[in-house]
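K.L.:
Protein chains in written order, with this note's numbering: chain G, 1 to 359; chain L, 1001 to 1274.
Be a bit skeptical, because a hint or two may be false.
Stated by the list, open to error - DSS-like mimics (lysine-lysine), calculated; alpha carbons at most 30 Å apart, straight line:
1) G:K247 to G:K224
2) G:K104 to L:K1185
3) G:K107 to L:K1185
4) L:K1185 to L:K1262
5) G:K181 to G:K224
6) G:K113 to L:K1262
7) G:K54 to L:K1085
The set of hints was computed from the structure by calculation and includes no laboratory data.
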Amino acid sequence: MHKLELIGISKSFGPQAVLSDLSLEISPDELFIILGSSGSGKTTLLLGILGLQKFDSGRVIIDGRDVTNLSPGGRNIGYVPQNYALFPNYTVFENIAFGLRLRKVSKNIMQTKVRLIIDDFGLQGLEYRFPFQLSGGQMQRVALARALIIEPSLLLLDEPVSALDIETRQKIKAELKELQKKLHITMVYITHDQQETLELADRFGILNNGRIEQSGSPDEVFYKPKTLFVARFLNTENMLKGKILHKFGNEVTIQTNDIILKTHTSLELSEGDQVTVCIRPGAIHLRTHRIHPGKNVFAGTIESIHPIGRDLEVNVLVTPHEVLKTRISRIVTRELKLTHGMPVSLSIDEAFVHLIPVQ
Amino acid sequence: MGKFYSKAVNKTFEVANYFFSFVLIAFMFLIIGSLFFTTTPSAFFQQMSSHVVLISIAVTFGSSFIASLIVFIFSVPAAYVLSRKNFPGKRLLETVVVDLPLSFPPGVDGLILLLLLSKTGILGKLLGQFGISIPYTFAAVVLAKLFVSIPFMVSFVREAFDRVDRNIENVARTLGASPFQVFYKLTFPLSIWGVLKGLIMALSKSLGEIGATLILAGGLTSSTGTMSVLIYFATQKGEMDKAVALAIILEFLTFILLTIIKLLFKESTHKIRA
Chain G
1 MHKLELIGIS
11 KSFGPQAVLS
21 DLSLEISPDE
31 LFIILGSSGS
41 GKTTLLLGIL
51 GLQKFDSGRV
61 IIDGRDVTNL
71 SPGGRNIGYV
81 PQNYALFPNY
91 TVFENIAFGL
101 RLRKVSKNIM
111 QTKVRLIIDD
121 FGLQGLEYRF
131 PFQLSGGQMQ
141 RVALARALII
151 EPSLLLLDEP
161 VSALDIETRQ
171 KIKAELKELQ
181 KKLHITMVYI
191 THDQQETLEL
201 ADRFGILNNG
211 RIEQSGSPDE
221 VFYKPKTLFV
231 ARFLNTENML
241 KGKILHKFGN
251 EVTIQTNDII
261 LKTHTSLELS
271 EGDQVTVCIR
281 PGAIHLRTHR
291 IHPGKNVFAG
301 TIESIHPIGR
311 DLEVNVLVTP
321 HEVLKTRISR
331 IVTRELKLTH
341 GMPVSLSIDE
351 AFVHLIPVQ
Chain L
1001 MGKFYSKAVN
1011 KTFEVANYFF
1021 SFVLIAFMFL
1031 IIGSLFFTTT
1041 PSAFFQQMSS
1051 HVVLISIAVT
1061 FGSSFIASLI
1071 VFIFSVPAAY
1081 VLSRKNFPGK
1091 RLLETVVVDL
1101 PLSFPPGVDG
1111 LILLLLLSKT
1121 GILGKLLGQF
1131 GISIPYTFAA
1141 VVLAKLFVSI
1151 PFMVSFVREA
1161 FDRVDRNIEN
1171 VARTLGASPF
1181 QVFYKLTFPL
1191 SIWGVLKGLI
1201 MALSKSLGEI
1211 GATLILAGGL
1221 TSSTGTMSVL
1231 IYFATQKGEM
1241 DKAVALAIIL
1251 EFLTFILLTI
1261 IKLLFKESTH
1271 KIRA
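Model the full assembly from the supplied sequences, consistent with the hints where possible.
P.N.:
So this is what it looks like as structure tokens:
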């Protein structure tokens, strides 16, 4: 049950500001993901939290205790780097026991604790192997066990599954989530992978220009991006330029190039304001029979069908200049016998028509 | 036509490769092997029992081992600083400590040291106040060997430190290890093959060193006459049996040291791959 607070963190390398006045609060027992592209400052932030690099300004607070000036060891943070960084000259047992040995824990207690965690992580029989004799998944477990045995206040994971094959990755992700719930540990997870973020995070924050551009639950951020950067970064498939036609209370009518959409918003908008309309494909329902056009219902023809992972993205031309993208599983597509040029109807769930004001 | 031409070119290329390789290998074997044909076993063992030769072997080994030990003590921290720390002027320092001495022509090292340590030199004057004079002594031999082998050692060890994953050190720090504990529990053991390679390279450089030793230590007294210097003087005087006997020993030792380096390299490459 440990809470992490970052207050006004800044860090520059020469003239280049990598982190600027970043503030963030991570609740106890939360799996918080910091999502950012390469060069967004993820590693700098991580090294600073760990105490391996000094921030230019700002404070790192764990459970109300200011640890900004403490050494990395004094902060009691577990760390699992991307490549696991197991100590090649130590066996699995010695790797796991490393932190306890430094804490001068008695031999008996140390052996009991290491044995317990080895059992917990399914590493029995591997105790006397060296890291190069382990598989990727086993290395990952050893790295986790080594970090957790010191009973850290929080656990920092730097892209911990990116080096694994898809099958092991899925398995480890599930195990991580389970572990977090079981141990009630606050986890900070750093990645550039959106899919991973949506699958694992209790909450996540998007790092851009040295700040957390937006944070919240996956649903909140994914469906309701606050800025154009977040919408683009999360690959919002349908981003339409529009302006407010009418506003009545929270209910607004938006005119895009050729279509009229309705939604509810708590944003302070007035008639005539320019907005970007964001709609996720999952909120657009496709039907093969014609429905009479109405509120957020449009008739169109299939312009193209593209495979996207396990699904297919169906682009529907609803007016000569407006294409809406929806996503359908391959099986459904086959059942509906969707083909290029086929007339279809689209209905959009009003709750998922999200607006970003144009500054 | 095109196919025939391409075949002919490839065949010529292959034959040329074998031909030039053969000429080169034959030439090297001839040079190295010629030593063994220019002496007889009895002449060799007669020289080996000579007092002068035995002393020169002792001087060479003694000075080389002392020099290598000092090089080890100073180079490991210097290599660590160069590998791990960033500071203004680092590149210049690397050039001065590693690159420049490596590219000095033989003898220039000796001249620099002599100018520095002679009675009128900066260090020579200072040491003179304490009644210490380095040139033409055993200490000069050690110093000459030290100066030429430091760049090799620093360069090898630094490379070995560079290869240690920084994440390993970072994790150890988060687990509570102090920078010194990280060094002696992880960084140094993980660099040990590189350190050993550097040490053997420094030792082999020390054993064969002549330019700086000749200028700074002279080599005419029993305490400064290293094997290389003695070979030089023996050939000048036409004492070829002595020169050849010493050369065979040096060649043999260098061969042993290079074999050890190759084995270490194989070992470290294997470990890195693993």
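K.L.:
The structure should be examined with respect to each hint, and the outcome stated for every one.
P.N.:
Evaluation of the provided hints:
{"no.": "1", "hint": "G:K247 to G:K224", "in the structure": "19 Å, holds"}
{"no.": "2", "hint": "G:K104 to L:K1185", "in the structure": "15 Å, holds"}
{"no.": "3", "hint": "G:K107 to L:K1185", "in the structure": "19 Å, holds"}
{"no.": "4", "hint": "L:K1185 to L:K1262", "in the structure": "26 Å, holds"}
{"no.": "5", "hint": "G:K181 to G:K224", "in the structure": "27 Å, holds"}
{"no.": "6", "hint": "G:K113 to L:K1262", "in the structure": "43 Å, violated"}
{"no.": "7", "hint": "G:K54 to L:K1085", "in the structure": "15 Å, holds"}
Violated hint for the displayed structure: number 6, the only one.
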